[in-house]
Amino acid sequence: MSKTNLTRRGMLKTSAVAGSGLALPTIFTAQSAAAFTNEPTGSSVTLGFNVPQTGPYADEGADELRAYELAVEHLNGGGDGGMMNTFSSKALQGNGILGKKVEYVTGDTQTKSDAARASARSMIEKDGAVMITGGSSSGVAVAVQALCQEAGVIFMAGLTHSNDTTGKDKKANGFRHFFNSYMSGAALAPILGDNYGKDRRAYHLTADYNWGYTTEEAVRTSTEAMGWETVAAVKTPLTQTDFSSYIAPVLQSGADVLVLNHYGGNMVNSLTNAVQFGLRDKQVNGKNFEIIVPLYSRLMAKGAGANVKGIFGSTNWHWSLQDEGSKAFVQSFGTKYGFPPSQAAHTCYVQALLYADAVERAGSFNPCAVAEALEDFEFDGMGNGKTLYRAEDHQCFKDVLVVKGKENPTSEFDLLEIVEVTPTSQVTYDASIFGGELGSCNPGA
Amino acid sequence: MFGLNTKDTRLLILVAILVVLAPFILNPFPENSAMAQFNAGYPDLMQRFVIFGIFAIGFNILFGLTGYLSFGHAAFLGVGSYAAIWMMKLLTMNVVPAIILSVVFAGLFSLLVGWISLRRSGIYFSILTLAFAQMSYSLAYSVLTPITGGETGLQPKLNDPRILDGALAEGATPKANLFGLEMGASYELGIGGWLFTLNAGYYIAGVLMLASFYLAIRIFRSPFGMMLRAVKSNQQRMNYTGLNSKPYTLAAFVISGMYAGLAGGLMVAMDTQAGPERMFWTVGGEVVLMTILGGAGTLIGPVLGAGMIKYMENIISKINSKILHEWFAFMPDGVEDFIVNILYPFIGKGWHLTLGLIFMAVVIFLPGGLVEGGQRIARLFGRGKKASEKDASGKTTPAE
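If you read the protein sequences in the order shown, they are chains A and B. 1 is the number of the first residue of the first sequence in our numbering; add one for each residue after it. 1 is the number of the first residue of the second sequence in our numbering; add one for each residue after it.
Among the clues, some could well be false.
[What the hints assert, rightly or not] Straight-line Cα separation of at most 27 Å, DSS-like style, residue types lysine-lysine; simulated pairs: (1) A:168 - B:7; (2) B:349 - A:302; (3) A:100 - B:175; (4) A:386 - A:404; (5) A:336 - B:349; (6) B:89 - A:168; (7) A:168 - B:157; (8) B:232 - B:246; (9) A:235 - A:302; (10) B:175 - A:101; (11) B:322 - A:336; (12) A:404 - A:309; (13) A:386 - A:198.
Hints are computed from structural coordinates only; laboratory data are not their basis.
Please put together the full structure from these sequences, using the hints given.
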């Protein structure tokens, strides 16, 4: 314990210092009563691009970031304007958003909810981002969406396919353009029925986590509805790399269709194993054995190589689409980077443009105004035909592509061919079937 | 003061001052300057500094004192997080029950894990704890999805029961609070070009960090702490003298598990989300890095190490090539591109690389961690008094 000498002079000095210290904040505080979180006051506005730069989905993340950079260029009036020329809404002028130049910050989600939230929080708290977008996994999307709801900024989801994002975990500040498991199932089932018959026996291998569950559920429900029978559904660990022990029992089970509810590296490995086991050359119940991959992406098809030939799956968008919007986007993306964009890049680019457009139409960056502008917004010219942002769950409803691995690819990008464009009406569902509450929009501050 | 000797008191007061002034110290650059990129004084990162500080202080009680290297502490962090989020969902958004329960549950779980793992020592102990952490992670990720929310994790929802809380106001979202004071509440102080954010959640976590730090000093200086050091220097000799060392190591294990639980609970309190990746073994490995980087066995070291790693993760990883180009824009085009290309692998997603290089440099040149670096600098400037003071408080014995 140190000795303290209390003197009159010392006492006076101390209290003078303490007093001015206490008064200081009131002198210098800039009391700006912002109407909402991170209201942009200067000549620029900051958007936060939160994508996986490391981890299993780093490829998708890199492509997403390319798309965002392209979107920013177009919003600021650079480049050839891309989809801004084909977009049905003409609110965007190419002079930024509401006349403010678009700036952006980037972060790494590491495909982990914690890291993604840390990165998003730093964008909101430090860089003053007024909107967060990106992500390449449903777990991350749900986590960041909840954060944005709390913080009072808009979240425009990137690549997330699980029903939960706009189902049981939906939030008023979150919006998703990408399709979901339910839509995959609903779009695939009729095509499968036409091609493989209505009396098939299916065997599911499902990645053991939320996305796997919802995808299996969706495919099961829609195929069983048309008469298929599900023989078994086996969960596989996400970290599995060798699926041979899971493939062997498939043949003994009497099943004649194998559904691989796997994504990314998982799908590449399980499909390769299944093809190596010779499943596709087998005859079961007097029918050819078939394999199905509910969610396809070009990057996955590239990984699986020749094994994807003739295998059905669904996808949100493909660069070979011939509508004006897709052509414009592929053109400007290709010019800038030298190869065609993936579906992840497409959905992220569209999300950035949709946000900017909603701000322009609302005339404000206020999340509540933006949300109102997006709700029940109908648009066209963004590559998926007529699209509706449904107000009840903030999910986009648009055509779904059923694709097939191409038999004779002409280049390393030309791996999938579009079998059918399933119309919106066939994949629309009632907003209440997944539960969850949207809540009301939160402008923060 | 508080039953500490003068040197420890000074260290505690120094840490307290640092915690209180962190929002100012960490924001040395004006808001709109180019260097603002390096400012770390925003609530999320400051909260992470003190939370991982607690985690590392607790880990150091086990690793620094007994020498038992556990890779499984991430599991306790995760258990604490899940306990806290469930308290918030079921009971109240007030953080007090959440934090208390997180410590209790992590303590119970570490008792179980420790009781089994401590039957072995050395590398076998490390592997056992690693196995437990991986098991917990896999369980949380898939098998226990109904309880843990699986990959998606858990967040407070509008329709949670929250027995003790009244109904939410229309349009409000459930927010973590301490008797009404929201964790996210901040007071922004603008002085000249600088903007300092004083955040309620940070100061609450900071107070708990100081309490944990104080407790750690007391443990380090107690007969119990001496016994743990004896385990580290020669456990066999202890056993030959007829002492059963297991109760001591188990107690140290449980204490450090409870620290991890507290950190997990605080993470949920500051940012209401719990997910399984918090239990992944890399998180357990990260706290090992923090402790060694800062200086294992020293009091302040783990806190410095935690701060260093979190700073790298959050600041370096956010520098992208666009920012690099802005920095070097004054150079001629060719030179600019050249320098940017050289630096690019070390920033953004390459922050692991930078961290790895720093870690190697520290282990090779400063085996005692950052604390040893500080002492060397102090000695260099002939501040003999200062150096001896750090020595006494630090007890720098390099990690084994």
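Hint numbers contradicted by this structure: 1, 3, 10 and 13
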